[in-house]
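J.: For the sequence shown, position 71 matches number 71 in the working numbering, and the numbering has no gaps at all.
Treat each hint with caution, since some may be false.
As the list claims (entries may be wrong) - Here are the simulated lysine-lysine pairs, DSS-like style, with alpha carbons at most 25 Å apart:
(1) Lys386 to Lys362
(2) Lys206 to Lys165
(3) Lys411 to Lys336
Note that these hints are calculated values from the structure, not bench results.
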Amino acid sequence: MTHFNKLIFVFSILIFFSSCNNKKSNSLQSPIFANIELNRGDLLLCGDPNFGEVSFSLSCSYEMRETFNLGLTLIHSFEYAEAEKAFVSILDQDPECLMAYWGTAMSILNHPLSFKQNPKSLKRGEELLKIAKTLTPNNEREKDYIDAVSIYFKDWQNLDTQTRKLNYESKMEELHVKYPDDVETAVFYSLSVLATADLNDKTYSKQKKSGKILEKLFEKYPNHPGIAHYIIHNYDSPELAHMALTTARKYAIIAPSSAHAQHMPSHIFTRLGLWNESIKSNIDSADSAVCYAESVNPNANWVSEIHALDYLVYAYLQLGDNAKAQSEMNKMEEIKEVFPADHFASAYALIAVPSRLAIENKNWELATQLELPKTKLDWDKAHWPKAILHFSRALGYSNIGNSSAAENELKSLIILRDKLTE
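Make a model of the complete structure from these sequences and hints.
T.: Structure below.
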């Protein structure tokens with residue numbers, strides 16, 4: 001996408017936002033609201049905002065409906081930074097739009113399968129929802145939605161993540177029973193079920209439960225991005241991957257403007273050994289991610305690009321194409337800075353890719369020479385990605401007969417293990 005086209009799109013978004021309502025937001029004058037660091041600014045999207053179709057029953061100003069639905073589709077494809085901007089733009093124009101508080105809080109909540117926000121984000125959500133609670137809901141459903149998302153942010157200083165996730169799931173189940181025909185309630189309830197799944201449960205009981213809800217909805221709402229996306233996440237395991245293949249081949253078409261929507265189908269393609277489909281998915285995803293990074297931070301690479309390159313290298317290696325795998329790794333070696341700077345997927349990929357190239361080719365000497373990437377990251381906190389590095393070195397040393405060096409790497413692994421269990 002050319003710089004000129006990007007400017008045209010950003011300008012059109014600005015025109016739309018300004019045409020909705022020219023009055024200043026009273027909430028911006030509130031000392032409490034002013035002290036909350038909210039994500040504002042132009043929506044930075046590559047191409048048309050095509051993220052799928054949702055239709056949310058909204059009691060706020062009718063002019064806000066399109067922006068609200070755009071924000072919701074962005075959430076459903078994990079495009080949280082831009083989703084927050086969309087919802088905050090509504091707050092600034094209509095500070096009494098209760099569901100815009102919900103949308104902003106859901107954007108702050110971020111990745112629903114980890115729910116591991118930093119204290120700063122949790123504080124943001126908590127303070128924002130305090131304001132929401134002072135407003136009068138237009139209907140009971142609005143109150144229920146605010147109450148539900150508030151459960152996750154409630155007492156976050158004292159309650160662990162899993163407890164808050166389970167409390168949120170319980171509330172969403174209650175709402176699903178109360179509003180059985182509400183699509184978004186069903187979708188977010190199914191996601192809360194998946195988020196609390198025990199990864200050691202190889203019966204995949206919760207994944208199947210969540211997937212069943214979504215599959216039924218997908219028949220009626222085939223262009224809903226969240227339904228397709230979360231079906232893939234539910235069945236992202238060797239045992240269940242075949243159940244998501246049809247959906248995986250549709251999701252990128254449903255939300256072509258999302259880098260994550262281009263990538264996510266490759267989780268299923270990789271599970272099933274469909275390497276060429278995985279390669280296409282991740283080439284498209286990486287291209288979209290590069291486009292986004294050019295607008296947000298031209299001096300850094302977005303985690304979505306790095307994640308896609310990781311999958312590309314793996315797929316090329318499975319096809320025996322070392323030249324293309326090496327070419328993708330060369331791109332990674334040129335990366336000096338990433339954003340977000342603390343995302344685990346970046347640290348993982350930057351270490352896993354060179355390790356794979358060495359080990360898959362049984363190049364044990366190369367494995368012993370692996371080092372931490374020079375990319376600017378907080379490597380001191382990247383304990384388990386660093387474990388890959390030491391494991392790869394240990395494997396390399398053991399295969400060339402240097403048991404002493406291998407044992408030293410194992411000692412480093414033990415230190416990292418202990419840090420992870422602290």
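J.: For the pair supplied as a hint, lysine 386 and lysine 362, is the alpha-carbon distance within the 25 Å limit?
T.: holds, 20 Å
J.: Given the hint that lysine 411 pairs with lysine 336, does the C-alpha gap stay at or below 25 Å?
T.: With Cα atoms ~30 Å apart, lysine 411 and lysine 336 exceed 25 Å; violated.
J.: Are the Cα atoms of lysine 206 and lysine 165 separated by 25 Å or less?
T.: Given that 25 Å is the threshold and the Cα spacing comes to 14 Å, the pair holds.
Taken one by one, the earlier hints fail for this structure only at number 3.
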